[in-house]
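Residue-level listing of the chains:
There are 2 protein chains.
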Amino acid sequence: MTELTIDQKKQQAQDWFRTLRDRICASFEAIEDEATGRLSDRAPGRFERKSWDRVNQADGQPGGGGVMSIMRGGRVFEKVGVNISSVFGTFTPEFAKNIPGAADDPRFFATGISLVAHMNNPHVPAVHMNTRFIVTTKSWFGGGADLNAPLPNAEDTADFHAAFKGACDRHGPDYYEKYKKWCDEYFYVTHRGRARGEGGIFYDYHDSGNWAADFAFTQDVGRTFDDIYPALVRKHMNRDWTADERETQLIYRGLYAEFNLVYDRGTTFGLKTGGNVEAILMSLPPEAKWP
Amino acid sequence: MTELTIDQKKQQAQDWFRTLRDRICASFEAIEDEATGRLSDRAPGRFERKSWDRVNQADGQPGGGGVMSIMRGGRVFEKVGVNISSVFGTFTPEFAKNIPGAADDPRFFATGISLVAHMNNPHVPAVHMNTRFIVTTKSWFGGGADLNAPLPNAEDTADFHAAFKGACDRHGPDYYEKYKKWCDEYFYVTHRGRARGEGGIFYDYHDSGNWAADFAFTQDVGRTFDDIYPALVRKHMNRDWTADERETQLIYRGLYAEFNLVYDRGTTFGLKTGGNVEAILMSLPPEAKWP
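For the protein sequence lines, the chains are A and Y, in the order given.
Residue 101 in numbering that gives the first Met the number 0 sits at position 102 of the first sequence, and the numbers go up by one each step.
Residue 55 in numbering that gives the first Met the number 0 sits at position 56 of the second sequence, and the numbers go up by one each step.
Calculated from the structure, these hints are not laboratory results.
Everything numeric in this text was worked out from a predicted model, so none of it was measured.
Treat each hint with caution, since some may be false.
Since the list gives no way to pick one copy over another, a pair counts as held whenever it fits inside one copy or between any two copies.
[As the list claims (entries may be wrong)] Listed next, the in silico DSBU-like pairs over lysine-lysine satisfying Cα-Cα at most 35 Å (straight line):
1) 288 with 8
2) 96 with 234
3) 137 with 234
4) 8 with 234
5) 137 with 288
6) 177 with 137
7) 180 with 137
8) 288 with 234
9) 271 with 234
10) 180 with 271
Pulled out of the complex, with its shape left as it was, chain A reads as follows:
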């Protein structure tokens, strides 16, 4: 088999993230149609799309862009955003130092999908998923998914981890152990002395030397997400909840916002360097409390 050119790799990755976006949006809209619980007198939620263009800060030249798909005020999804983007340009010298393969040639390309879902029902876990393909003079995949339950449930946590362990094990015997640990370390809210949620997997700089295998792994992570998360949502979405449970959820979301605004590298870097604010802050909860 002929090795793909870097442009073919970029195109295949970008096409996949768009396909995955379409699948997930369809899965989530199907859930909206099925819901019979507390808020099912509402019209089923639907995604709205909005595209944005990026301009490189360094030279004012076009630098790609993306499409946000957002569903708000659904029966099940209180606010969920699914962003895809493909961006390119040159890193600032300071930033380039910390990026593999960028020290001597600061040009980059990045394409990916990013998703955060905040749910009406406190029994339904919130979730984050993102996968991406980055190209400098090197290239690699990154991403992961983690569960964020306001009212954690051992069975959901086990099912979520089992699903991603399955995805990892299909591609590398040590992937799950390594990427679960990375997730636990990354999504830790130091000042609260606790994890942001129930974990999952987190990987970066993933380059085994076999692009096709690495791409297949990232695709499997996306498919696994589109399999396990809707299953967890369906399991709980028609349960009722109390005002106290809603309050617990809103306070939990305060912690979630704290993590994203204080620690999350993508968020803080994006905000401080002129990223698309609306797309970056789509991750913030629709409502949160610090009582």
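Given chain A, work out where chain Y should sit, using these hints.
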């Protein structure tokens, strides 16, 4: 007049911040008693106090502490915290480099008062005030106050600025211009391209060479706050509000939380270096929205 010893200065500053705390808490409780608006079927809000001890990270030794005074769920004040603290220890070498007078001797003492008020009524501006006295091998005052109105009102903004201009002008002809500008620069939410609020004054490293005069200035800032802010609260507290106005307030509070968690030096430094989390995050709004 004999120059005070540094220990006397520390004591006087600390005593003043406690006195100011008592005055402000009394002012705010009086407002609660007077309120006749929408939520006046509630019992008048009262402050609850909670003290905390600080341990130095470097050596595990006692490092002072503070007292939080918090009123929640009042008729007028949705959540207001007034912290006083006196802390001491040694800065880490990395941190000491950026602190006047600490490069060669990293020991420090800091005493201050910090206040954030979030209001039920969106017509009543939120507010932040803090003043402090810091001692290394040098010593200086810092602080300020800024208005944060969900529904800005030109008259309130003018009155707030006029009050602090008065306080500044009583102590130095260039203080207001300098410290208003510093406030505008500091409380800027870069990623939103807007100010956090209506400004006020912000000062740091304030050391004119005359300690008594500088202390008098900081006392005047505190008294001015305790004069102008209650006046603004009384002006609006009995007005009714609409659901749309409340929504505007909750979204504005999202921006407020973003500033505090992404940019505010005290917050991010405190959270990342083991400060008292409850006292630091007291500034966060009781409820916020990112719809």
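To see whether the hints hold, each was checked on the structure:
{"no.": "1", "hint": "288 with 8", "verdict": "neither (43 Å within a copy, 40 Å between copies)"}
{"no.": "2", "hint": "96 with 234", "verdict": "neither (46 Å within a copy, 55 Å between copies)"}
{"no.": "3", "hint": "137 with 234", "verdict": "neither (42 Å within a copy, 62 Å between copies)"}
{"no.": "4", "hint": "8 with 234", "verdict": "neither (37 Å within a copy, 64 Å between copies)"}
{"no.": "5", "hint": "137 with 288", "verdict": "neither (43 Å within a copy, 40 Å between copies)"}
{"no.": "6", "hint": "177 with 137", "verdict": "within (22 Å within a copy, 49 Å between copies)"}
{"no.": "7", "hint": "180 with 137", "verdict": "within (25 Å within a copy, 45 Å between copies)"}
{"no.": "8", "hint": "288 with 234", "verdict": "both (26 Å within a copy, 27 Å between copies)"}
{"no.": "9", "hint": "271 with 234", "verdict": "neither (39 Å within a copy, 38 Å between copies)"}
{"no.": "10", "hint": "180 with 271", "verdict": "both (28 Å within a copy, 21 Å between copies)"}
In this structure, the hints that do not hold are numbers 1, 2, 3, 4, 5, 9, in rising order.
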